[in-house]
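There are 2 protein chains.
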Amino acid sequence: MEAEALVTSLRNQLVDLLGRDTVVTEPHDHEPYCRDWHGDMTSAAVAVLRPRDTGEVAAVVRACRTLDLDIVAQGGNTGLVLGALPDRPERQVVLSLERMRHIRSIDEDDFSAIVEAGCVLEELKLRLEERGLFFPLTLGAQGSCRIGGNVSTNAGGVNVLRYGMTRELVLGLEVVLADGSVWDGLSTLRKDNRGIDLKQLFIGAEGTLGIITAVAIKLSPLPERIETALLGVGDLHTAIALYRHARRACCDLISAFEFMPPSAFTLAREAQPDLPLPIATDYPAYVLIEISSSGLIDAKQLMEGLLEQAMEESLVLDGVIATSQAQARQLWAIREGMNEGQALRGPHLRTDISVPLSRLAEFVAEIGAELDDALPQCLAVAYGHVGDGNVHLNVLPPAGATLAERHALIGQAKKMINFRVDHYHGSFSAEHGIGRLKRDEFEHWISPVHRRLLEALKRAIDPEYRLNPGCQLPSITAR
Amino acid sequence: MEAEALVTSLRNQLVDLLGRDTVVTEPHDHEPYCRDWHGDMTSAAVAVLRPRDTGEVAAVVRACRTLDLDIVAQGGNTGLVLGALPDRPERQVVLSLERMRHIRSIDEDDFSAIVEAGCVLEELKLRLEERGLFFPLTLGAQGSCRIGGNVSTNAGGVNVLRYGMTRELVLGLEVVLADGSVWDGLSTLRKDNRGIDLKQLFIGAEGTLGIITAVAIKLSPLPERIETALLGVGDLHTAIALYRHARRACCDLISAFEFMPPSAFTLAREAQPDLPLPIATDYPAYVLIEISSSGLIDAKQLMEGLLEQAMEESLVLDGVIATSQAQARQLWAIREGMNEGQALRGPHLRTDISVPLSRLAEFVAEIGAELDDALPQCLAVAYGHVGDGNVHLNVLPPAGATLAERHALIGQAKKMINFRVDHYHGSFSAEHGIGRLKRDEFEHWISPVHRRLLEALKRAIDPEYRLNPGCQLPSITAR
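Protein chains in written order, with my numbering: chain A, 1 to 479; chain L, 1001 to 1479.
For the record, the hints were derived by calculation from the structure and aren't laboratory data. Worth double-checking, as some hints may not be accurate.
[Stated by the list, open to error] Computed list of lysine to any residue pairs in SDA-like fashion (alpha-carbon distance at most 25 Å, straight line):
no., chain 1, residue 1, chain 2, residue 2
1, A, 125, L, 1307
2, A, 300, L, 1305
3, A, 218, L, 1423
4, L, 1218, A, 241
5, A, 415, L, 1187
6, L, 1125, A, 164
7, A, 300, L, 1248
8, A, 218, L, 1445
9, A, 218, L, 1447
10, L, 1415, L, 1041
11, L, 1218, A, 252
12, A, 300, A, 425
13, A, 415, A, 443
14, A, 218, A, 345
15, L, 1218, A, 415
16, A, 218, L, 1446
17, L, 1218, L, 1138
18, L, 1300, A, 225
19, L, 1218, A, 361
20, L, 1125, A, 248
21, L, 1218, A, 129
22, L, 1300, A, 443
23, A, 300, L, 1226
The structure presented is a predicted model; accordingly, all values stated were derived computationally and were not measured.
The task is simple: from the sequences and hints, build the whole structure.
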């Protein structure tokens, strides 16, 4: 009762300091900000704060210092590791950037733009496409995620193998620091070697070192021709050999290279029963490949040439090239339907692993056999952006399992997988980040030297531990 | 005399701690380590230390702590901003990585390698080429520079527009920290989002935060066909329009795009009187363009197609495509001879500027007119990697000028140029770094918030200010 009164008092003080328009006070209005993307977790906060510009973000930070509140910055709340979900409702606020969605400038001749953190990725991409420009970041959540969140989590997606992670698409940042000051690093220069590159600190820091309010992004010419094909292959090993061949054959113009097991079709059909399946569904494995081009280079010719070579060298058993955009969308619908199908099967283990590409096939075979052996009742599904050495190895408990049984199976599978990942010098978080979900794995993995560096950094940049405490490394970020 | 005795005593103590083999004690043997690449500056040091492995580097750091000495790390000593040149001979040692030149591993299937910091860039490139692999970093100094220095300075070069700066070619690092501990971040993973990306701190820090001892690098397939052409164009504005067109037309397979003024030919001939000039030398401006490809893409067809379009659209006035590797080398010899020719004209102002590409032509025209107006006796030469918005705008005093007159003219030109660069939100160091040469510009440019962040970072990572004090920001790095 006393705690509740305290929270109410804090809310009122926030309204006094920031105005009614910025502060969402009603707990029932907090829900969309305090529930994670998968719907697995709900939380609460003292308030949700929705500033409209950089000055207001700075004012929010100062107000929170005054009231001794901690700040969890949030973009589209589409993260997969609970990085933007408050976990101490009585002393944290959610700072939502959703009202800062202005595109400040687009410079076609410079292939750059400056956008506010709350800009929705898909809206941004469409606005740029109208001008013949391309922002390569492409993710399932792009209709909801926001560019500030993409940068804070260094998002990946399907285009990484050609264009890089978000980090490589960022030219500059504007960041509100823990003391309320604004670091203006919003340059659009492509080359700038003026000392230590401070923006790198904030990319992938999940809001623990500063609050990103605007981003200068690097653009590319819009691809004019996109060719998509679904290929049946012998196994993951061959799929990786195909990728290596394709890199050389197509000068790295491959914009996506997604691996799927045969169960992809079953799972996709469970989510979308009418989904057409354009290829026999009993090959050992599948690859969804996309080649895009502009100007003098003909993506169609490239795709046909690549497949001809790959067939000759027995890297591909069968394949279908989409003959229309509608068919290309259907091929992608299998890849995306696969995710939905897994969700429909109830709580399961989702992982986001990378190992060196040269060892990926061996890794997946080994852990696959171990899981089959130890947990024969579960379905293990390995798929993903294998061109980057990145695989989502998910484990689905059987249909009849209770929630308790599911959690037990998930825990067991996770332990086995993490052990194997360690052994292969891989990463348990290739693209999703750490957040609050992977803190234990992170604690377990980091070396004493790595920990000391992180501690020193946090102390240096956010000495009061006010920004997203509990995220990444609780022992150093929570007060 | 007393100071000399102290230095001798320190030298002897270093030998006691590290062994005779690691310590170069004789001052006359220090010279190659204590003179800058241009030969403009010479300095001295207590000793030059040449460890053979990471453990010995750590031992050097510990010994220097014991003796209260500061450490200037050095690779090939080819830097252009005095970043690796000691400036307090009585309390600094040079730590040369030159004996750590081992390639620890090459993984062809993973397109990655792990190499020690002292590996000479050209040797590394050749070793990789034998295996069909390509490390894209390409610089004038590649026969002498070393990979650790390339990473510490985030080196640029002619291939940046296709492959990025050195930062984008680094997958992992091994770093000896100021307390002698070793941070092992030597992963070859292409995607790894386990929290804050610590390696970014050390890239471009010029040895002020740690000593890089090994690097995991990202490789590409070796280009199989390289086409080179020299084009006459109307002006810089048209050259930039040509680059924009070429990006789309060739899907960013342009591996070099160098701009040169007509004086390039005069200067190159001064250095190499027999250099053949394959094109009329009186066009207003020139572009040296290179397109490289492998597999199914024919660089020759691309180059011919691009030039045909560019002629039609009047972006190019004249052009010659090299018909042999020997001819391609001759075209590059003009670009390189131009540098030598400038050196032969005696001390002059060298700059390394970037501005947003959309404003580069305007910037060069404006500052060009200002310089012609204020310093008509000097020759201003603008050339460089303009595809990245990067231009070297050098100012050459007249032949008869005394050294004092030269210094006065250089100072005046530098002031004018920096003022204009500021005005265009450009960078006074697009690729060369800060070192000791550009400290004043850096001091002048950084905002109070930027300075506070740098100070906090330095204090956090090198609390005794032992690593390369005097480099970048003396006020925060010198004790």
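Hints versus structure:
no.	hint	verdict
1	A:125 with L:1307	violated, 31 Å
2	A:300 with L:1305	holds, 18 Å
3	A:218 with L:1423	holds, 22 Å
4	L:1218 with A:241	holds, 18 Å
5	A:415 with L:1187	holds, 22 Å
6	L:1125 with A:164	holds, 23 Å
7	A:300 with L:1248	holds, 17 Å
8	A:218 with L:1445	holds, 24 Å
9	A:218 with L:1447	holds, 24 Å
10	L:1415 with L:1041	holds, 21 Å
11	L:1218 with A:252	holds, 14 Å
12	A:300 with A:425	violated, 38 Å
13	A:415 with A:443	holds, 14 Å
14	A:218 with A:345	violated, 39 Å
15	L:1218 with A:415	violated, 30 Å
16	A:218 with L:1446	holds, 23 Å
17	L:1218 with L:1138	holds, 14 Å
18	L:1300 with A:225	holds, 21 Å
19	L:1218 with A:361	holds, 20 Å
20	L:1125 with A:248	holds, 18 Å
21	L:1218 with A:129	violated, 30 Å
22	L:1300 with A:443	violated, 53 Å
23	A:300 with L:1226	holds, 23 Å
When each numbered hint is compared with the structure, violations occur for hints 1, 12, 14, 15, 21 and 22.
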